[in-house]
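Q: Generate coordinates for the entire structure from the input sequences, incorporating the hints supplied.
Chains as they are written, first to last, in the working numbering: chain A, 4 to 152; chain B, 83 to 501.
Hints are supplied without guarantee of correctness; some may be wrong.
[What the hints assert, rightly or not] Taking CB as the label site, the calculated pair distances span:
1. A:LYS113 <-> B:SER172: 30 to 38 Å
2. A:LYS113 <-> B:LEU485: 34 to 42 Å
3. A:ILE51 <-> B:GLU146: 54 to 62 Å
4. B:SER270 <-> A:ASP138: 37 to 45 Å
5. A:GLY82 <-> B:SER270: 51 to 59 Å
6. B:PRO261 <-> A:GLU136: 40 to 48 Å
7. A:ASP76 <-> B:ASP264: 53 to 61 Å
8. A:SER80 <-> B:ARG378: 44 to 52 Å
9. B:PHE129 <-> A:GLU126: 47 to 55 Å
10. B:GLU146 <-> A:ASP76: 42 to 50 Å
11. B:GLU341 <-> A:SER80: 45 to 53 Å
Just so you know, the hints here were simulated from the structure itself, not pulled from any lab data. Note that CB positions come from ideal geometry on N, CA and C, so glycine has one too.
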Amino acid sequence: MEALHPHKIPGLVILSVSTETKLDRPFIDQGISAGFPSPAQDFIDLSIDLNKELIQHPASTFFGRVKGNSMIDIGISNGDLLIVDKSLEATDGKIAVCYVDGEFTVKRLKVEKDCYWLLPENESYKPIKVTAENDFIVWGIVVFVIKAL
Amino acid sequence: MFALVDCNNFYASCERVFRPELRGKPIVVLSNNDGCVIARSNEAKRFGIPMGAAAYQYEKTFIENNIHVFSSNFALYGDMSSRVMSLLSSFAPEMEIYSIDEAFLKFEGCKYLNLQEYGLMIVKTVTKSTGVPISIGIANTKALSKVATRVAKKFPEKTGGVYLIDDDEKRIKALKWLPIEDVWGIGSRHAKRLNALGITKAYAFTQLPDEWVRKNMSVVGLRLKHELEGKLRLDLDTIKAKKNIATTRTFEKQYTEFEELRERISTFSVTCAEKLRRQGSCCNALMIFLHTNWFRKDLPQYSRNIVMQLPYPTNSSIEIARFAKEGLALIFKKGYQYKKAGVIVMDITPEVANQISMFENSNPKHRVLMDVVDRLNASIGQKKVKLASQALDRTWKMKQERLSPRYSTRLSEIITIYT
Numbered sequence: 004m005e006a007l008h009p010h011k012i013p014g015l016v017i018l019s020v021s022t023e024t025k026l027d028r029p030f031i032d033q034g035i036s037a038g039f040p041s042p043a044q045d046f047i048d049l050s051i052d053l054n055k056e057l058i059q060h061p062a063s064t065f066f067g068r069v070k071g072n073s074m075i076d077i078g079i080s081n082g083d084l085l086i087v088d089k090s091l092e093a094t095d096g097k098i099a100v101c102y103v104d105g106e107f108t109v110k111r112l113k114v115e116k117d118c119y120w121l122l123p124e125n126e127s128y129k130p131i132k133v134t135a136e137n138d139f140i141v142w143g144i145v146v147f148v149i150k151a152l
Numbered sequence: 083m084f085a086l087v088d089c090n091n092f093y094a095s096c097e098r099v100f101r102p103e104l105r106g107k108p109i110v111v112l113s114n115n116d117g118c119v120i121a122r123s124n125e126a127k128r129f130g131i132p133m134g135a136a137a138y139q140y141e142k143t144f145i146e147n148n149i150h151v152f153s154s155n156f157a158l159y160g161d162m163s164s165r166v167m168s169l170l171s172s173f174a175p176e177m178e179i180y181s182i183d184e185a186f187l188k189f190e191g192c193k194y195l196n197l198q199e200y201g202l203m204i205v206k207t208v209t210k211s212t213g214v215p216i217s218i219g220i221a222n223t224k225a226l227s228k229v230a231t232r233v234a235k236k237f238p239e240k241t242g243g244v245y246l247i248d249d250d251e252k253r254i255k256a257l258k259w260l261p262i263e264d265v266w267g268i269g270s271r272h273a274k275r276l277n278a279l280g281i282t283k284a285y286a287f288t289q290l291p292d293e294w295v296r297k298n299m300s301v302v303g304l305r306l307k308h309e310l311e312g313k314l315r316l317d318l319d320t321i322k323a324k325k326n327i328a329t330t331r332t333f334e335k336q337y338t339e340f341e342e343l344r345e346r347i348s349t350f351s352v353t354c355a356e357k358l359r360r361q362g363s364c365c366n367a368l369m370i371f372l373h374t375n376w377f378r379k380d381l382p383q384y385s386r387n388i389v390m391q392l393p394y395p396t397n398s399s400i401e402i403a404r405f406a407k408e409g410l411a412l413i414f415k416k417g418y419q420y421k422k423a424g425v426i427v428m429d430i431t432p433e434v435a436n437q438i439s440m441f442e443n444s445n446p447k448h449r450v451l452m453d454v455v456d457r458l459n460a461s462i463g464q465k466k467v468k469l470a471s472q473a474l475d476r477t478w479k480m481k482q483e484r485l486s487p488r489y490s491t492r493l494s495e496i497i498t499i500y501t
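A: Okay, here's the thing in structure tokens:
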């Protein structure tokens, strides 16, 4: 499993995980070195809690499952889990979960004066223009993508 | 000053967050076992479907008018409530969770705060972050803040969802507008009686002599009258609406252990169950909450609530305590010092209505047992007969044909996002 920022070039952070809801992993903050062990090593008080790392605003964070391939160039593929924060502003360039004419879709937002453009991240798909004619809301902003490998 | 925050058509709004196409469409939500209507969106109210209506009698109305019908999804409503409440708790030093969709905020020493603007900011933040629209009424007493919320809800365009009663002119105007039966704490019996006397609006009620109100409506009525006059009589946590019964306590000391809290929650449950039995009703859902001391900013803070949907209506102390303890186990976190906890029983239905169903009911033996317990406690004078920890292992099935997914609490039921 990997976790990556959709806005950035996928720099992988590999983490060991369990299937528990809350991920508490003991984490020893000491470089690997040979020789005399530091007595501080007994003092293991740090742990990685993915809930904390990946969810900045628990009250406004929801999950969604991806279906489709229009965003694969930034690493959002079929079956991935999206972490969506509803509290964030829908500004230009953000990867947003939108509700357009009856379904949820994830695209890169391009905000213009009188319309929105929903930009795919896959050459074989075309940008979608959204105007006042459409039943449209920006539902939330994608903050992380979780994918099973 | 007090602010009453109320979620607009809460259950319907929760469904709409994940089904945006239902915005502006009529929605009704049914009780446990899909028996009767427990919530209606504004659009559904227009079709004349009363609260508590038997669902089967309105089946035709539902179909003919394209009304979207949902089974009650308390996993969803409870989680959304939790989100709303946790956001609200960051806006005021003190808060009282009043029901699944209402909370009082208390602002003290906030003289220089522009409450109107602050209210609008709260509405904007909560509505955006959760998708659940809210309304806020602000005034110097709790009863008036309830009145103000009514105004805010009734005139959303004009008020932006926030109404502030901060002078006598506004207070009187609002009271002259509000029908007496819509006043917080005035039951239908008193409303009928007042109506018969020609008192149809809240304002006329406040013009009655204190003596008359005390004599005919007890000190509770008098307290309410004073509150509506702008005189402070109620602090956070003092009276509860009829649709919910709550037992909550601020502890004299701070509890850290699960066992200590379990004992408190168990006791609160028994008290709630007794109140239910006294008024001849059952509950269909429970809310359990706990939080740390908000005044101790030096300590780690934690606040959480959970709503348990019960598989059948009950007023058994044993059953309510058992579900409450299950709920507590789900929200309790070690490492915090808890200052307050409570049990709120919700979705209250009359006891008689429950006798019809054979398999989906509360254990009927409990009713007899509870009668005995109540009588014993009444005769001994104190709550001498208590619950030991009792295990109940019956499995229940509920009719929930129109249940929406648990979008926000189950990974297997989250929304699908197309790309």
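Q: Under the constraints set out in the numbered hints, which ones does this structure not fulfil?
A: Hints that this structure does not satisfy do not exist here, as all of them hold.
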